[in-house]
Amino acid sequence: MIEFNGVTKSFGPKHVLRGVDLTIPRGTSMVVIGGSGTGKSVLLKCVLGLIKPDGGSITVEGGEGHDRDAFLARFGMLFQGGALFDSLPVWQNVAFRLLRGALARPRDEAKAIAVEKLRRVGLSPDVADLFPAELSGGMQKRVGLARAICAEPEIIFFDEPTTGLDPIMAGVINELVREIVTEMGATAMTITHDMTSVRAIADNVAMLHDGKIRWTGPVSEMDASGDPYLDQFIHGRAEGPIAAVR
Amino acid sequence: MRLLAGIGAQVLGLLALIGRVALYFVETLSHLLRPPFYSREFGIALINIGWLSLPVVGLTAVFTGGALALQIYAGGSRFDAEAVVPQIVAIGMVRELGPVLVGLMIAARVTSSIAAEIATMKVTEQIDALVTLSTHPMKYLTVPRVLAALVTVPVLVGIGDVIGVLGGYQVATGSLGFNPAVYLKNTVDFLEPLDIISSLVKGAVFGVIAALMGCYAGMNSGRGAQGVGAATKSAVEAAAVLILAANFLLTRMFFSL
Ligand SMILES: Nc1ncnc2c1ncn2[C@@H]1O[C@H](COP(=O)(O)OP(=O)(O)OP(=O)(O)O)[C@@H](O)[C@H]1O
Ligand SMILES: [Mg+2]
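Chains A and B, in that order, are what the protein sequence lines are. Just so you know, this note's numbering puts 220 at position 220 of the first sequence, and the rest follows in order with no gaps. Just so you know, this note's numbering puts 115 at position 115 of the second sequence, and the rest follows in order with no gaps.
This is chain A alone, in the form it adopts within the complex (with noise of 0.2 angstroms):
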């Protein structure tokens, strides 16, 4: 279980986030959608204290976000830009926990665990031994949804899984999310703009706007919420409370 009390962030006179409340259960998937630049990435980051809140505390499976190290060990994350390391071949990325520290084994096992990952995210087995920089967009990607599922972890944040891919690779990957969460009883937080992908991957829903949680709740309550915000964004219209130019 994630939870967010009253989280704020601001840089210098920005306030991004003004008191974010937010609850996700375990073994569940929370997408979390809102406008570009709206503060969901920072959202993710101060989970993982790679940003430090203002305010407000956040909480991680009941336990305090004090053992960042321990928390770690059990986590996965797609990075919105991929974030991948240019100076190792993809199949080192994508086993980058395996060659190294706690969970360290022989490379020959770590390559063919990554291999496997990789056909999990629709690569091919050749694309193994590239380098990031050879791939296209849409294949870095992917190659950072292997890395960050590998080490099988219980606690898996995505940041945009589908953006920049092909709407059958999406499907792919919806499916992906969705079976992480339901076969390895995962706990997933997803931000996408793709609403085909909220309603293929999410569990649960949570709209920011201006810096707080704006509506949440089931994915089957979305189309019926009567929120005039999360009716805009859903469907997309230029005219509603939401202005355009931010």
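Bear in mind the hints are in silico, worked out from the structure with no lab data behind them. Just so you know, these numbers come straight off a predicted model, no measurement behind them. A few of these clues could be false.
[As the list claims (entries may be wrong)] When the alpha-carbon atoms are kept at most 20 angstroms apart in a straight line, the in silico EDC-like pairs for lysine to aspartate or glutamate are as follows:
id : chain 1 : residue 1 : chain 2 : residue 2
1  : B       : 185       : B       : 195
2  : A       : 111       : A       : 152
3  : B       : 139       : A       : 86
4  : A       : 52        : A       : 67
5  : A       : 212       : A       : 227
6  : B       : 185       : B       : 80
7  : A       : 212       : A       : 69
8  : A       : 212       : A       : 231
9  : A       : 52        : B       : 128
10 : A       : 52        : A       : 69
11 : B       : 139       : A       : 69
12 : A       : 111       : B       : 41
13 : B       : 139       : B       : 41
14 : B       : 139       : B       : 128
15 : B       : 139       : A       : 67
Place chain B with the ligands on chain A using the hints.
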């Protein structure tokens, strides 16, 4: 007045930087002493910092040693050139020019590449990604590089010293008509162990400064391509100045007590 204030601000800025880099160094040491140690990254750093710097170090040293011999001959031929030229070339190369030039070349070559690489990693969230993969960026990026520089730069300086002396020897025996055996004998007789020790100690200190500044600037880089450029520039600048300052202090420590 305004000019003075500007210079004063620069000096204060430099002192503050030294303070922050010193803290960063202590942090690096604390990570060096605690596992895990990434030996693969250390090996790669050894090759990048040590092995691949050899050509540039050799070329710098050979030309400097040669030029030094010519200069001293031109200026000192009125005295006992056969003795003065090898002695001053040896002292000059081993005590000062060898370590300083190698240090500056390492700042140009190694500090810049470390700073640009780590700053790019910062800008593209690769450092954040390291954290999410349970890998401490200090242990994975900084410790191997600083340690590799500590180990290899003294060796590079030693090689530079030898090549510099040989450069002087080549010029002296080749174009100035010196006797080869006498030249070598004068060189060897004149150098003392302290000269060589100081040379290698300087190398170690300069190596640590060069690698540390690269890592520090990279880790503290601003955003975007501009951030990477600024980090690289300030890293090389600060490394060069700190190396020259450290050289002054070390020379005082070794030779004016
Ligand atoms: N390190 C930082 N320093 C200063 N401002 C930042 C920093 N990180 C994020 N911001 C600002 O915080 C705001 C929210 O950024 P964030 O990346 O969370 O947006 P987002 O909701 O993920 O948008 P998108 O959907 O486009 O990815 C932006 O206005 C951004 O300029
Ligand atoms: Mg984002």
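Checked hints:
1. B/185 <-> B/195: Holds - the C-alpha atoms of residue 195 of chain B and residue 185 of chain B are around 16 angstroms apart, at most 20 angstroms.
2. A/111 <-> A/152: 15 angstroms, holds
3. B/139 <-> A/86: Judged against 20 angstroms, a Cα distance of about 18 angstroms means the pair holds.
4. A/52 <-> A/67: Given that 20 angstroms is the threshold and the Cα spacing comes to 15 angstroms, the pair holds.
5. A/212 <-> A/227: 14 angstroms, holds
6. B/185 <-> B/80: Distance ~15 angstroms between residue 185 of chain B and residue 80 of chain B Cα, so the pair holds.
7. A/212 <-> A/69: Roughly 29 angstroms separates the two Cα atoms, so the pair is violated.
8. A/212 <-> A/231: 17 angstroms, holds
9. A/52 <-> B/128: At roughly 13 angstroms apart (the allowed maximum being 20 angstroms), residue 128 of chain B and residue 52 of chain A satisfy the hint.
10. A/52 <-> A/69: 16 angstroms, holds
11. B/139 <-> A/69: 14 angstroms, holds
12. A/111 <-> B/41: 19 angstroms, holds
13. B/139 <-> B/41: 10 angstroms, holds
14. B/139 <-> B/128: 14 angstroms, holds
15. B/139 <-> A/67: 19 angstroms, holds
Comparing the model with each earlier hint shows a violation of hint 7 alone; every other hint is respected.
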